[in-house]
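Going down the list, the protein sequences come from chains A and B. Note that the working numbering numbers the first sequence so that position 238 is 238, with each residue one more than the last. Note that the working numbering numbers the second sequence so that position 132 is 132, with each residue one more than the last.
Wrong hints could be hidden among the right ones.
Taking lysine to aspartate or glutamate and the DMTMM-like style, the derived pairs with C-alpha atoms no more than 20 Å apart in a straight line are [what the hints assert, rightly or not]:
#1 A/Lys315 <-> B/Asp312
#2 B/Lys165 <-> A/Asp312
#3 B/Lys67 <-> B/Glu89
#4 A/Lys165 <-> B/Asp312
#5 A/Lys228 <-> B/Glu56
#6 A/Lys228 <-> A/Glu255
#7 B/Lys228 <-> A/Glu248
#8 A/Lys245 <-> B/Glu246
#9 A/Lys317 <-> B/Asp312
#10 A/Lys317 <-> B/Glu311
#11 B/Lys165 <-> A/Glu255
#12 A/Lys104 <-> A/Glu81
#13 A/Lys245 <-> B/Glu248
#14 A/Lys228 <-> B/Glu248
#15 A/Lys165 <-> B/Glu248
#16 A/Lys245 <-> B/Glu255
#17 B/Lys245 <-> A/Glu248
#18 B/Lys317 <-> A/Asp312
#19 B/Lys67 <-> B/Asp82
#20 A/Lys228 <-> B/Glu243
Because the hints were derived from the structure by calculation, they are not lab data.
Here is what each chain is made of, one letter per residue.
2 protein chains.
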Amino acid sequence: MTGDIQRIQSLFHIRYPVIQGGMVWHSGWKLASAVSNAGGLGLLGAGSMYPDIFREHVRKCKAATEKPFGVNIPLLYPNAEDIIAIAMEEGVKIVFTSAGNPAKYTAYLKEQGMQVAHVIANMKFALKCQDAGVDAIVAEGFEAGGHNGIEENTTLTLIPYLRNKVHLPLIAAGGIGSGEAIAAAIMLGADGVQIGSRFAATTEASSHPAFKEKITTLKDGDTQLIMKRVVPVRMVKNTFFKEIKEMEIHGASREAMIKHLGKGRAKKGMFEGDLENGELEIGQVSAAISDILPVREVMNNLVNSYRNAMEDVSKNKF
Amino acid sequence: MTGDIQRIQSLFHIRYPVIQGGMVWHSGWKLASAVSNAGGLGLLGAGSMYPDIFREHVRKCKAATEKPFGVNIPLLYPNAEDIIAIAMEEGVKIVFTSAGNPAKYTAYLKEQGMQVAHVIANMKFALKCQDAGVDAIVAEGFEAGGHNGIEENTTLTLIPYLRNKVHLPLIAAGGIGSGEAIAAAIMLGADGVQIGSRFAATTEASSHPAFKEKITTLKDGDTQLIMKRVVPVRMVKNTFFKEIKEMEIHGASREAMIKHLGKGRAKKGMFEGDLENGELEIGQVSAAISDILPVREVMNNLVNSYRNAMEDVSKNKF
């Protein structure tokens, strides 16, 4: 069963069924408003913002676009409740929750008139999302950057598997950085897509220029999912990665790894630009990204390559 | 750039651009001839056959179909040279090589009038395939069962990444078990697909009935890529898997793991039906497989769902 993009377009009142992932350290107001202005749905990444900073980003985003935008809130983030309160006060109407149980806040958020999408990586949590009454499900595959599911389902296997049982609008995430990949996701049953890495490599992303530049140099095999005994994260294979990998090979304990991880590793890498000692979270699709572009150009490329692919593929009849 | 199925159809003289993976213990003459008779390309899996058994399977396959069929030869298999010699003597015209360097035999095989496809999992080896003069490249993603690439590229990220640089006919493998997934692979730039798991769960597969039954019960997360320090293999999480995993967690050496693996683990699981102590290799897409069907029915389902998906998806214009 193929997807139906109108479900996502009408749910969020957006022109293109393209959601920009609310990535930590990348997704500030400049990126989110630019994506919304270009016809997608921009998301602020609250996971790397203290509450007062988050309020500032919401206000700046509102000033920069009249289009809908939303916020991604990792439910395990210690300030999640404060972030939710601020989102309500500031009139944010769309919340993407992740890294937690959808039953926790969905009913409450819906009562406040918000639309809720929840990010999952397996069937069990997709069914929990249905029970919790979310408006849409983001299904994220193994190839995605950052935090990742322990089942390691890839986007290609996860989307059709869910589509057969899940009736809610379904958004595919992980490995999508081109119009061809958007079209493939819809072919597999997704109603829309969430794109991270391609939007991380934009002028508007708030991450450190050195990290953005690094993204454009990555080849296949330059990221890997690691820290599976702590929380699985896909990151660039830099010095920090190699240290963690050595620890894993030699049977280090979970506690020892948490200690070595320490605090602020992701900020050090992605925001402060320490490319060797910081944690650099990015998806596999980074291998296919070779330029830092303005959001508008990225969106134009996605739209044009999608249209070409949909037309071009139709010659393949049998 | 989307794919062009005519390149694979005309290369192998087949009706559908569907190749059945030459899987160890599954892919005997019954499976290969049934797939070829149904309009795909059947492959014998020589990796689990002694030379005299292989000769027998080739002869029976020739008797059972007038359509083209081929053989998969893992180049690291100790009997690879004998297998090649027999394939030539018996007039097999299509060889899929895997698990090794395409430069090793391609020129020799081509001189003997054979067509050669080589299985790879990253850009580096795709480019080696071009240099070696193969006729087609099979690009296999992380979700595939059995042996797997160390880069862990998923099919969704690998295919478009290769398509931009590789001009040879490109066959996508890993995670493909439905017409929607075939269509998605072509959307991403593949000219054809190789399907393993879905053909393993057929009446004609030569694997043990208990293993085939097991495939139909698997859920998402029931397989995982493991033994990365020996040779990465995706297998079912049974008792043997858990033993290996425990060893990895506690920092066991490569030698200790090879010793525990021992000889004949895959045969014990897949051919003898020891579901707990054997090695059960199968892809992630097994989660979406719930029945053992005759090959003809599998092929009909693939063709029909492909046609429906290609027609249905066209409503998604933006």
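*Taking 20 Å as the top limit, are the C-alpha atoms of A/Lys165 and B/Asp312 close enough?*
This hinted pair holds, its Cα atoms lying about 19 Å apart.
*Keeping to a limit of 20 Å between CA atoms, is the pair of A/Lys317 and B/Asp312 held or broken?*
13 Å, holds
*asked:* Need the status of pair A/Lys245, B/Glu255: alpha-carbon distance at most 20 Å?
replied: 19 Å, holds
*asked:* With the threshold set at 20 Å, check whether the alpha-carbon distance from B/Lys245 to A/Glu248 stays at or below it.
replied: 12 Å, holds
_Holds or violated: A/Lys315 and B/Asp312, Cα atoms, limit 20 Å._
15 Å, holds
*Sort out whether A/Asp312 lies within 20 Å of B/Lys317, counting only the CA atoms.*
Given that 20 Å is the threshold and the Cα spacing comes to 13 Å, the pair holds.
_What's the verdict on A/Lys228 and B/Glu243, does the C-alpha distance respect the 20 Å limit or exceed it?_
17 Å, holds
*Taking 20 Å as the top limit, are the C-alpha atoms of B/Lys165 and A/Asp312 close enough?*
19 Å, holds
*Is it true that the CA of A/Lys228 sits at most 20 Å from the CA of B/Glu56?*
46 Å, violated
_So if I understand the rule, the pair passes when the alpha-carbon distance is 20 Å or less; does A/Lys245 with B/Glu246 pass?_
17 Å, holds
*asked:* For a C-alpha distance cap of 20 Å, please report whether B/Lys165 and A/Glu255 respect it.
replied: Violated: B/Lys165 and A/Glu255 sit about 44 Å apart, past 20 Å.
*With a cut-off of 20 Å on the C-alpha distance, tell me whether A/Lys104 and A/Glu81 pass.*
Answer holds: A/Lys104 to A/Glu81 is near 11 Å, not above 20 Å.
The structure shown violates the earlier hints numbered 5, 11, 15, 19.
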